[in-house]
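Q: For the sequence shown, the positions run 1 to 412 when my numbering is used.
Please keep in mind that the hints were generated in silico from the structure rather than gathered at the bench. Note that CB positions come from ideal geometry on N, CA and C, so glycine has one too. Hints should not be assumed to be uniformly reliable.
The list that follows gives simulated cross-link-like pairs (lysine to any residue, SDA-like), each with its CA atoms no further than 25 Å apart [said to hold, decoys possible]:
id: 1; residue 1: K155; residue 2: L25
id: 2; residue 1: K155; residue 2: L308
id: 3; residue 1: K189; residue 2: W210
id: 4; residue 1: K189; residue 2: I10
id: 5; residue 1: K242; residue 2: L366
id: 6; residue 1: K66; residue 2: R211
Label pairs and their computed distance ranges (CB to CB) [claimed, not checked]:
id: 7; residue 1: T255; residue 2: V386; range: 31 to 39 Å
id: 8; residue 1: L366; residue 2: I278; range: 34 to 42 Å
id: 9; residue 1: A156; residue 2: L224; range: 15 to 23 Å
id: 10; residue 1: K242; residue 2: P152; range: 37 to 45 Å
id: 11; residue 1: A156; residue 2: E212; range: 47 to 55 Å
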Amino acid sequence: MTKSWNRGWIVVLAGLCINLMFGVLYAWSIFAANLSSLYQWSGFQASLPYTVAIVMFALVMLVGGKLQDRFGPRLVATMGGALTGTGLVLSSFFTSLEGVIVCFGVLTGAGIGMGYSATTPAAVKWFRPEQKGLISGVVVTGFGLAALYIAPLTKALIASYGVFDTFRILGIVFGLMIMGFAQFLAVPKVTANPTGAAASASIGAVDCTWREMVRTRQFWMLWLMFLSGSMAGLILIGHLAKIAVLQTGINMGVTLVAMIALSNALGRPVAGFVSDRIGRGKTMTILSILQAMTLFFFSDLNSFASILIGSMIVTFSYGAMLAVYPSAIGDFYGMRNMGFNYAILFTAWGVAGFSGPLAAGYLLDLTGGYQATYLIASTLCFFAAVLGALLKSPAVAGQEEALSFKTATETA
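Build out the structure end to end from the sequences listed, making use of the hints.
A: What follows is the structure in C-alpha cells.
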C-alpha cells in the first residue's frame, strides 16, 4: 500500500507539471500584441487563434479521453506534448493569420486538450474515493498557476530573441518537458493490490459508459452548472483589464492578472478538499452563489480594492469548479470511463469559452459597458446554484425514487 501511495503522488506531481506547461495558452495575449503590431491585425483577428485553441482544447479532450481510457495516460500525454510543441514551433514559420490559426489554434490547442484529458483521471485512480476532490484540485492547479510565470517569461524571451524565436524556444522546451513528464503517468493495476488505494479508488459508483451517462438528468444538470460557472469566470478573465479601466479609470491589468491567477489556482485544491467532506452538490451551490452575488454587484465596484476582491472571488470559484466537476463525474459514473465521460462534460467549458467572452464584447459594443453582461452571468450562476441544491448522484436518486414507488404501492 505504501508503494502504491508513493507512486500515486508521483503521478500527481507529473500531472501538475504537465499542466504548468499547458498554461502556454495564457501566453497568447503577449504573442498577439506583438503580432498585431507587426502585421496590423485587428482585435478580432488577433483573438481568432486563441478562440480556435479553446475550441480545439475542448473538442480534442473527447478524443484524448477515449484514448486515455483505452491505452492509458502515458501515450496520450506524450501525444499532447508532441502536438503542443509542434504547433508552437510551426507558428514561427507560418506567420500569416491563417498559418497561426492552424499552428497555434488547431495544433497547440489540440495538444493541450489531448494532454489535459490524461492528467486528472490518471492521478485520482491511485487514491481513495474520498480524496478525489483534493487530488483533482492539486493536478489542475498547474494550469491556474501557469499565468504567473508564462506572461513574464514570454515577454522576456521576446525582448531578447524576438517573437518568432520565442515561439520556437517555448515549443521545443515545453514539448520536450511535457513528453518527459508524461512518462511518469500511469494507472494502478487493481488486482495487484486488493487492499490498497488502487483497489479502493474503483469502489463506489457503477461504471457507466458515456451513452448511459448522458441519459441521466444529473449529467445535464452538471453540464448546465459547469457552463454557467465557466462562462462567468472566462468572461471576467478575458475582459478584466478593460473592465478595470472603465470602472476605475486606472490601468492595473498586470496586478490583476497576477492576483486572479493566484485565486484561480488556490480555488482548485481548496474546493477539492472541501467537496470531499461536504459533498459535490453543496460545494457547487456555494461556488455558484459566490459568483452570482459578486457579479450582481460588480458594476458598483469602482476602486482598485473592490475590483481586486470581486475578481478574486469570481476566479476562485471558477478555478474551484475545475476540481469539483471531474470528481463528481468519478463519483456519479465510476472511474473506468472517467477520461471520456469528463471530456464530454468539459464541452460545457468549451461552449462557455467560445461564447462568453465574445458575447461580453458584443454587449460592450452595444451598450458601452458591462452591466448587461454582469446581469446575465449572475442570473446563470443563480440558476446553477439552484441546480446544485437539487443535485443528487444517480444512485441515490434512483434509490429514493424506488423507495417512493414502493411506499406509494404499499399505500395503494
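Q: Give me the numbers of the hints this structure contradicts, sorted from smallest to largest.
A: 9 and 10
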